[in-house]
Amino acid sequence: DVKVTQSSRYLVKRTGEKVFLECVQDMDHENMFWYRQDPGLGLRLIYFSYDVKMKEKGDIPEGYSVSREKKERFSQILESASTNQTSMYLCASKAQNEKLFFGSGTQLSVL
Amino acid sequence: DQQVKQNSPSLSVQEGRISILNCDYTNSMFDYFLWYKKYPAEGPTFLISISSIKDKNEDGRFTVFLNKSAKHLSLHIVPSQPGDSAVYFCAACQGGSEKLVFGKGMKLTVNP
Numbered sequence: 002d003v004k005v006t007q008s009s010r011y012l013v014k015r016t017g018e019k020v021f022l023e024c025v026q027d028m029d030h031e032n033m034f035w036y037r038q039d040p041g042l043g044l045r046l047i048y049f050s051y052d053v054k055m056k057e058k059g060d061i062p063e064g065y066s067v068s069r070e071k072k073e074r075f076s077q078i079l080e081s082a083s084t085n086q087t088s089m090y091l092c093a094s095k096a097q098n099e100k101l102f103f104g105s106g107t108q109l110s111v112l
Numbered sequence: 007d008q009q010v011k012q013n014s015p016s017l018s019v020q021e022g023r024i025s026i027l028n029c030d031y032t033n034s035m036f037d038y039f040l041w042y043k044k045y046p047a048e049g050p051t052f053l054i055s056i057s058s059i060k061d062k063n064e065d066g067r068f069t070v071f072l073n074k075s076a077k078h079l080s081l082h083i084v085p086s087q088p089g090d091s092a093v094y095f096c097a098a099c100q101g102g103s104e105k106l107v108f109g110k111g112m113k114l115t116v117n118p
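Listed in order, the protein sequences are those of chains A and B. Heads up: the first sequence at position 69 corresponds to 70 in the numbering used here, and the numbers run straight through without jumps. Heads up: the second sequence at position 49 corresponds to 55 in the numbering used here, and the numbers run straight through without jumps.
If you are wondering where the hints come from, they were derived from the structure by calculation, not from laboratory data. Any given hint could be a false lead.
[Unchecked claim] Footprint (simulated), chain A over chain B, 3 or more residues, beta carbon under 8 Å: (1) 49–56; (2) 92–105; (3) 108–114.
Glycine included, every Cβ here is placed at the ideal spot set by N, Cα and C.
With the hints as extra help, turn the sequences into a complete structure.
Listed below in structure tokens is the structure:
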């Protein structure tokens, strides 16, 4: 089975703090994604990466940055967390033309 | 502009009855459609998919129907079980793109 592992299930941060969200997949997938899920808004794509060192903006990239130094790892950084970034963050990966596999999510609360 | 729409935010059905979840899309370039199920505090899991060359795909209690002319798909669950209670997301993508576009989700509650 594909495993997508997110480093934290729950995080509580203060406004202005830097936040690191880590994601690792074990199936050698080329494509990795970061989504956020908010009630009534569904899943919105923040950034995705189709190869090492490659990244593309999704629908809501503002306030986020990402890094893909190794194929298995896709990191997301919130340079200065704000309260409107309180959300469930979901990492996902997929092979070419295959279905998307999600991690368990990180519930981030910014106070 | 929302390309994938799930217009009903919630649905409640009795155990054993049929659940019908609807999804509409606006982008005629979409050619692959998926349904994901999500429980609270967990990541979404893949349920069933359908290619645009088909109009129906079945997997056990789950059937997805695609009406290309109406740009509409539906997920049928029969018989519904309490364990089916979750949020269901419809998603779509077009050939050559690895990006999925998701709907806002619909919360299904199956009452015992």
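*Which numbered hints turn out to be false for this structure?*
Per hint list: zero violations.
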